[in-house]
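According to full-length UniProt numbering, the sequence shown is numbered sequentially starting from 1.
Do not rely on the hints blindly, as some may be mistaken.
Subject to a maximum C-alpha distance of 30 angstroms in a straight line, what follows is the list of computed DSS-like cross-link-like pairs (lysine-lysine) [unchecked claim]: (1) K60 to K24; (2) K59 to K38; (3) K24 to K59; (4) K41 to K24; (5) K50 to K24; (6) K50 to K60; (7) K41 to K60; (8) K50 to K38; (9) K50 to K32; (10) K59 to K41; (11) K60 to K38; (12) K59 to K32.
For each label pair, taking beta carbons as the anchor points, the in silico distance ranges come out as [what the hints assert, rightly or not]: (13) T33 to P64: 19 to 25 angstroms; (14) D63 to L42: 17 to 23 angstroms; (15) T8 to L61: 19 to 25 angstroms; (16) E65 to L42: 31 to 37 angstroms; (17) P64 to L42: 33 to 39 angstroms.
Keep in mind the hints are simulated off the structure, nothing from the lab. By construction, the Cβ of each residue, glycine as well, lies at the ideal position given by its N, Cα and C atoms.
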Amino acid sequence: MSTVIPHTGFMRLWQVLEVVPISKSAWWEGCKTGRFPKPVKLGPRTTAWKAEDIAALVKKLSDPEYAAEDR
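Please work from the sequences and hints to get the whole structure.
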């Protein structure tokens, strides 16, 4: 897992899933329910997420208080 989250810009799904190790279907379900950040359409067949949103998500998921609430 060598993916570094950039400070700005966009991340494609494969990059996000290297940082947040879950399945594609679980990721999309989380986006749909609001647990994970909403995607940004860059083109008709190109979807990405803001790097800032992914960095905030990783920070939130690594917070011990959040992990205790999630159980």
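Here is what the structure says about each hint:
Using a Cα cut-off of 30 angstroms, the hinted pair K60 and K24 holds, with the two alpha carbons roughly 20 angstroms apart. Note on K59 and K38: the hinted pairing holds, with a Cα-Cα distance of about 17 angstroms set against a maximum of 30 angstroms. Annotation: proposed proximity of K24 to K59 holds, straight-line Cα distance about 20 angstroms (limit 30 angstroms). This hinted pair checks out: K41 and K24 have alpha carbons roughly 17 angstroms apart, not beyond 30 angstroms.
Of the pairs offered as hints, the one joining K50 and K24 holds, with about 17 angstroms between alpha carbons and a cut-off of 30 angstroms not exceeded. For a cut-off of 30 angstroms, the pair hint linking K50 to K60 stands: about 15 angstroms separates their Cα positions. About 24 angstroms separates the Cα atoms of K41 and K60, which keeps this hinted pair within 30 angstroms; it holds. Between K50 and K38, the direct Cα distance comes to roughly 9 angstroms. Compliance with the 30 angstroms bound is thereby established for this hinted pair.
Between K50 and K32, the direct Cα distance comes to roughly 16 angstroms. Compliance with the 30 angstroms bound is thereby established for this hinted pair. The hinted pair formed by K59 and K41 meets the criterion: a straight-line CA distance of about 24 angstroms does not exceed 30 angstroms. With a CA separation close to 16 angstroms, the supplied pair K60 and K38 stays within the 30 angstroms bound. Distance hint between K59 and K32 is fulfilled; the C-alpha atoms sit about 20 angstroms from each other, no more than 30 angstroms.
Against the hinted window of 19 to 25 angstroms, the Cβ-Cβ separation of T33 and P64 comes to about 23 angstroms, which satisfies the hint. Checking the proposed 17 to 23 angstroms range against D63 and L42 shows it is violated: the Cβ atoms sit about 30 angstroms from each other. Take T8 and L61: their Cβ atoms lie about 21 angstroms apart, and the range 19 to 25 angstroms holds. As the Cβ distance of E65 to L42 is approximately 34 angstroms, the hint placing it in 31 to 37 angstroms holds.
The given range of 33 to 39 angstroms is respected by P64 and L42, whose C-beta atoms sit roughly 35 angstroms from each other.
Going through the hint list in order, the structure does not satisfy hint 14, though it satisfies all others.
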